[in-house]
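Line by line, the protein sequences are chains A and B. Under the working numbering, the very last position in the first sequence is 316; numbers go up by exactly one each time. Under the working numbering, the very last position in the second sequence is 1646; numbers go up by exactly one each time.
Hints are computed from structural coordinates only; laboratory data are not their basis. On a predicted model such as this, the values are computed, not experimentally measured, just so you know. We treat Cβ as the ideally placed atom computed from N, Cα and C, and that holds for glycine. Possibly wrong hints are sitting among the right ones.
Unchecked claim - Ranges between beta-carbon positions, derived for each pair:
no., chain 1, residue 1, chain 2, residue 2, range
1, A, Q310, B, R1172, 55 to 63 Å
2, A, R302, B, L1167, 54 to 62 Å
3, B, G1079, A, Q310, 53 to 61 Å
4, B, G1183, A, A74, 57 to 65 Å
5, B, A1094, A, E56, 56 to 64 Å
6, B, G1079, A, V68, 18 to 26 Å
7, B, G1079, A, E56, 42 to 50 Å
8, B, L1167, A, V68, 27 to 35 Å
9, A, E303, B, G1079, 36 to 44 Å
10, B, A1094, A, Q139, 33 to 41 Å
11, A, D165, B, G1096, 25 to 33 Å
12, A, Q310, B, A1094, 27 to 35 Å
13, B, G1079, A, E122, 35 to 43 Å
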Amino acid sequence: MKLVAALLLAWFTLGDPSRAEGAQRPRVLVLVSTGAAAYVEAAAGLKQALGARAPEAQLEIMSVDHAVADSNLADALQGGASLVVAIGAQAARLAQQRASGLPLVYAMVLEPAELGLPCPGETPTTAVTGVTMQVAPEQQFIALKEIAPHVVRVGVLYDPAFSGDEVRRAQDAARANGLQLVPQPVRSEGDVLGAARLLTPQVDALWAVADPTVLTATNARALILFALRARKPFFAMTEGYVRSGAVAALAADPREVGRRAGELASRVLSGTPARDLRPERPPRLALFINRASATHLGLPLREDLMARAQKIYPQP
Amino acid sequence: MMSLRRLRRSLAFRIVLPLGAALIAVFSLAALVLGRTVRSEGLRELRQRGQLLTDMLAYNAELPLLAGDTTSLSALLAGAARDPDLLQAAVFDADGRALATFSPSGRVGVMTAVEGAPVLILEGAVSTSAESEAGHEASAFALEPGAKTEGQILGHVRLLVSSERTLARTRRMHAQIATAGLGLLLVCAGIGLAVVRVLGRPLQKLVEATRRVAAGDLAVRVELSSSDEVGELADAFNRMAADLEVARAEVLAERAELERRVALRTSELERAQETLIHTEKMSAVGQLVAGVAHELNNPLTVVLGYSSLMLERISDPALRRKLESLHHAAESSRKIVQNLLAFARKQKVEKSLTDVNEVIERTVELRAYHLRSESIEVRYELQRDVPRTWADQHQLQQVVLNLVVNAEHAIQDSGKGGTLRFTTRRVAGTIEIEFEDDGPGIPTEIRTRIFEPFFTTKGVGRGTGLGLSICYGIIADHGGSIQVESEMGRWTRFLISLPLQEAPVVGRSGGAVPAASLTAPGAANLRILVIDDDPGVLRFVEDAFDGEPVVVDKALGGRDAISSLSTGRIYDAILSDLRMPEFDGRDVHSFVREHRPELASRLILATGDMANLDSLKFMDDAGCLILEKPFTVAALRAAVQRVSRR
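In isolation and in its complexed conformation, chain B is listed as follows (with noise of 0.2 Å):
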């Protein structure tokens, strides 16, 4: 049951009942209107056509009131009769004597008025008028109502004319009137009906459905069979659902590929946060490591310099043995400082085109054995067209080499075997190399610690905690990044990225140098000018080649250098430390090019600092023999060897 409320809001009510009100006000006021204008005229025709017959009346009525012929009057009078409103006449002569009177009933009335009685009283005056040259015409049809008689007053016409039946016409008419109304509100109604019931019913589903559309249900659809406007609405409102239902699906993918996207974007910021404050932290590592190694170059120069001067001189197999152990944990501590400096990008780079599918290819081919014995499963799934890159394949292959090797250690531990799986593939301007093992995986909280300096999980005398740190190194200095995922107990994933660079237009080679190779001792007559800030270093150059034909002068430090330089002595070679208080190794450089020229192509540059960009971009440019400290009696030898001869 539609509650009032509902009702009130309804289209029918609202429509319906407002147009079956009007109508039926305007029907009520137009059969107001309508019933006392037929009321109105009914009586004014009565009134006229009564009028008419009293002059008519009149008019016949002269010549019987000449004669005195009442026979005639009755005769006119019963005539009058015909007319069925006509209640009483009579004609009076002009001392109101009655002469005729005539009433279709048989009685005759005093002819007065009755207050309110429907009755009209009409009178006409008969006269007659000399017959003039007007003629008989005008005269005898003088008939309108009120005319204006002339003549002799022959007396009068009285008619009694009543209106019931008029009146009755009009209450006939009232009550048809009425009777229409009730119809056609009956009709009214039927209309209403049928309109709720066309256009309400489905208007109220439509309605119903916008309101489940708007509390969020997109499925609703309205089932009209109908093909009008109604049909068309619901089609229409079926198609607005359909293309919502379509829109928040769509808004929905893509909100949650917008979150998709965000938390993407938000995990690449965290990783590039992590990322920058890692590199920030392996910067200052590697800052720190690089002084270290600095300072450690010159006494392991020192030390490993005596070591192996003595395992020459010294044939005493006891004291060779200790000497040996001496010599073999200073080049340890060597190729601890070396690690550090590769690390640190201290070590020089050798970059050219490289394949980066055949450094993987063959640096695992060394581990083939390795990895058999231990069965672990190597598969590739290399992308043939990866184009060759700028790098140094030698670090590619110590990168490819550390992380082989860690996996094999993992894996190893597991005593179950495993599978390596290589992938590379080019990725825009980069080419991405995948290794994934399917080791016991990385724990999280040690994940963001495993590219740092001597971080390991292994046990002692299995690593030194550099391999990753040298990877990180590498690639860093490749321009690329590594990046490490994990699943414990089931995958771990390292992702390099290399920058695919082209072989710069204009190479060069000079600072490359490869180490002098250790000649036969005995030249003659050498002359070297040995510079260090360090005498121990000094003294150490200076016992190498003791017994041997070469004349060492030292200078401690660069200022001390320039006094031997001056004096025009002619040198064989010229060992210069490059790191040096006040007057340094780009000093000596400058000295010599300018002052003694030459002599420039017999300066050799010693040094342990590989970590100063600048420094490195200098020995570059000087195009002299690098002697990488701590360096060995034979690399010294070979490379004095080698400047000599220039």
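Excised from the complex, chain A in its bound form (with noise of 0.2 Å):
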């Protein structure tokens, strides 16, 4: 992991031409989080976004690994920086704990509200704005229809301390696009394989919120898994959960995510405050498709979606 972000870091340097001029110019300290290959693709859309609105921006892009790590973090915020960019939730909670009297832009960053972050929609309070990965609820029915068309009652996990409200909302959703929400909360992490199990045989299928009691790492692998067994499609929010066996997912477009994040922060550096900066949505989704979830189903999967797809697992 220290080899991926050590290489992560010497890419961005030495492609940053501007790099070279001068300490004059803004410093924008990029803070990543670890374990995903979408970070990295966030990273190049943030920098490819930078480099066009702002060039004379100079970044500073360190992983929260290695920021943690020998005092590296407090090194570079001494040296003068303008703006932290914090891709996914690590780096976001790092950000809010060691850098939180500077602009900060958040991205990849799927439950701001987890972090205490200002949510899309939400005018912020702080000088944090962002892009999110949550998706829209509409989408992702309209998405689930297309893949299971049989589906009609989705069931879902949530907790109403953090999810209440989007749940209410994609309520809605679901029935403007025919569909029954059928809703379980639950209080705790402990609760949700019960609740899980009461729920399955009343639905079609399941659909994720991205909850954090919900979706911890070991009760996603169980959900996925429990709804294999039962033989229930299970749509999830990202990427992730399709490579581990997620049927379907609408997700974020970490490139886009990126690219957008690196738009707000142009603005932020060209002096827009970040609280007038409302945090967004993803600009553009992505489908991705589990074939062999799918199978075990026994989904038929048109040809139009299997094109439509931007990764479908297995990868070959």
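Hey, can you piece these two chains together into the complex? The hints should help.
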């Protein structure tokens, strides 16, 4: 992992022709979460956008691991950064903790509310803005209907403390698409599998919302396996779940998320206060399909869907 | 260097070697069993662990297999690589295609077992099942090896596990066990040597000491400084040896004492035998002497009587000298006969309470002049509290006198003077009189003969050879004994033992009638009856009273006397020989007491036969006057005069 971070840092540093021109340019500290290639994609989009809109900006990209270790983050902050861009929830949490005095633009954060960050549609109260990974339920239900037309009742597990509003909105969106959303609230992480056992027989498919109580790493895999064993399609909201067995997901395009975050960052650098910039949803969505899971579930996949999908798992 | 045979018999060999061998055997067996157990347990544990890993992988591979997520499968296998024994791991789909493989070495082989290779191949099926009421948990953790899976088989997990590490661990354990065994063996050897040193050597010392004791060396001691059981054993051994030494000394002393007693007893027996023989011999001699004396008494009575009678009546000096020679010879013969009778205990014993010491001193005093003239010193070691005893002091005086005279003669022969020593002491119920002189001694060869009558080593005229025989007779008559010891050239010792006797409760003096004293002749009209079987004696008595107012009736034997006594004639004295054929003195005495009791007190018994105790007893009981043959005219007259007055 450290090797990946080092390569990432080297690539961005070498690839930045403006870095050698002087220290008077605004410095942008980019913190990248570790663990997923999507973050690298997002970082690439960020660099591309900043390069186009704020070429004077000096990017200092640092993986979270590298930042935490050996006081690198403190050194970087002492160098006088103008802005912090955090890619991924891990990086966003670190930025909140260690660089709270600087404007923050987050990207690739699935659940901003969980971190205390402003969500799409909300007006920031601090110098924080960003681009989430959240996809509008309407769009997800549309895709769901295309992949599994037989599905009518869609179950969803959620923690009302985190996802109550979104689920309520989603119920409307589902209804609008001819679906019936069956919500199953849970109060803790330990309630998830029990709730799933109650919910699954009542529905035709499971749908996931970005709820931190429900979708812990362990629970997510268990829910996917649970759904596969129950031969119920599990619709997720990120590519990773599809790779792990979710039948499909309509998720943000990491590069586009990064690019849009770059645009917000350039506006902050150009003088727009961050709190004036409302957080946004991903500008472009990508469809991910797991053909193996679909096969196991007996779902026939249309050719056009296959062609439209950005990535089909398992990869050859 | 200890020999092999001795080594085999040693304590070290018999204890340490079998113990060591047993320890080695037990340890080897234990090591073998332990090694096999460790190996089998190690392999079993490895198999269990591998199967558990396989099952875990199979369980976790379900979702990636369902999802076709080879990345997760690879990550899953990579996670399993933390098991150091894992050689290869692979996940196959239901068609047997390898979806993910992993090898820590980077090389993935065919994953098949090779004969003899230290590998295990473990396989687990990846299956899925429909979610049911039983719930997810039940199927999710059905992970036991061999557990029956339900539902669709999605694929397989196959692991190639190396047992090399387990076997290496087993080998290391073997090596450790072997090292420990070697160490144990060394410890055992050390302990064995210590045991030999602490126990074996002291025991060897004890064994050596025991052998020496068995060989008779009881002075051997074991010197051990230890205070443990071996030390106590050594102390006990030393005490035992000391006790044995003391006991042996006691046994030897007792044996010596026993031998001394046996020798003493043997000597006593020999002496007793000699004494018996001697006594019998002396008894036989006594009988012979008594018979001879008796036969001599009558002729001597005639000779002595007539010679004394004629000396009274003949005044011719020339004739008187001849008669005196005759009388002197007859008197000497009488003394010889008396001595012979004394030896044969024919003399009358007159016992009284006698002080032995006084007898000795008085007798020696009689010879004081002679002893001084011969430069002979007399020493007394007389025990003053020796009690008086019932004895004839005159006879004892004769014994002492004979011994003194004999010693005097012996010392006189040496011409150097000498010493006599008298010792008396009371020993139990006897009085011992020890008389010792430092004369020339008595040769061994004659020592047993000195008590025989007429045996003498003196020159002619110095002894008759009857002195010691008389001593012998007197002491025997008192119930005692006399013995002689001598060392030639140094000393001679006589040991007399007299039984200590008290005075009889009832005494009698009837037999001790003193001889009649000669009275003046001329007493008127005495009639006496003389009874004897010897006509010579009858004539002598008749002649003895010739010319005196004495009528002598003669009876030749007892039967002849009966006729005289039956006449009723009064006799002033009846002189009867005691020993006569057919009708002897006893019969005469009985006849008189029965038919002429008024004459019983006038009976005079004449005899020379004092050897017969029955006769002596008779005479004592009869209460008659005794006239001992041969008698003189004076003794005859005195006796007659004495009884005639009754």
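Tell me the hint numbers this structure goes against, listed in increasing order. 3, 8, 11
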